[in-house]
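*Asks:* All chains should be built: construct the whole structure from the sequences, respecting the hints.
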Amino acid sequence: MPIPSGPRTYRELAELLRGQIEGGERPPGAMLPTIKELMETYGLARQTVRAAIGQLAAEGLVRTMPREGTIVQARPERRRVRRNHVVTRRTPTPELPGMYIFPAAARPDEPWETHGDPYRSYESAPAVVTAQFGLEAGTNLLRRRRVMSPKSEPPFQIVDTWLSLRAVADAPRVAEEWTGPGGYLDRLEEAGHGPISWSEITRVRMPSSEEADLLKIPVALPVMEMILIGTSGSSGDALEVTIRVIPGDRVELVADLVRDASAAWPREEVRDE
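Under this note's numbering, think of the first position of the sequence shown as 1, with each following residue one higher.
Hints in this document: simulated from the structure, not taken from any laboratory. Any given hint could turn out to be false.
[Unchecked claim] Lysine to aspartate or glutamate pairs mimicking EDC-like chemistry, simulated, CA-CA at most 20 angstroms apart:
no.: 1; residue 1: Lys151; residue 2: Glu189
no.: 2; residue 1: Lys151; residue 2: Asp249
no.: 3; residue 1: Lys216; residue 2: Asp249
*Replies:* In structure tokens form, the structure reads like this:
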């Protein structure tokens, strides 16, 4: 029996399936053929087919679900473009409270919703958090977690806020389920820590299995992690560390480059005499 013509490597198979997905032949929600079916259709080895599926998963095109198969993922229609590092303040309305708005999160007048129940607990904090507070890794701190997105859209970001012992002591309401209008940041500033200033660390990494499940993305899709450090305006100490985790295919960082005086135009050329 002759071997069917078609892809011979995992890259070629991935390219074929990618074309079918992007061309609409396999729309979001459709199931790909099983590994066995792809093996038989193209005469390929199991590891070749697995590698092709893994490549598509890494690109966020498909997601493999245990005991169900491989499903075509809906591609996010929005990409949050981040052009600056300006923190704004939302004007309060009857529908939306006044509060701080950070880049790569909500737009000032865009309503967001929380997926599932917001979570808060005292837990062992990771080193990236405790280092900002001058504590040993593993120290128990208050953690507030929420999974959020623009209203009626799939999960867009995981937000973990870790509050220092000083923050909770000075503003006990930050540990309550409802922190009041303006959120925990307003409570901290009202307690004498205003104005809070922020610095940010951004990096790209792979998601944990828990993060991938919450964001409904494959574990092979990188995420952008933004670590926001809020510092007291009175003491200069870190009060809170907020870690945002956003799928890598949903945000872009854009910056305008500015010429230094040494790069001024027109250039002043120095010529040898």
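*Asks:* Decide, hint by hint, whether the structure agrees.
*Replies:* The hints, checked one at a time:
{"no.": "1", "hint": "Lys151 <-> Glu189", "in the structure": "28 angstroms, violated"}
{"no.": "2", "hint": "Lys151 <-> Asp249", "in the structure": "19 angstroms, holds"}
{"no.": "3", "hint": "Lys216 <-> Asp249", "in the structure": "13 angstroms, holds"}
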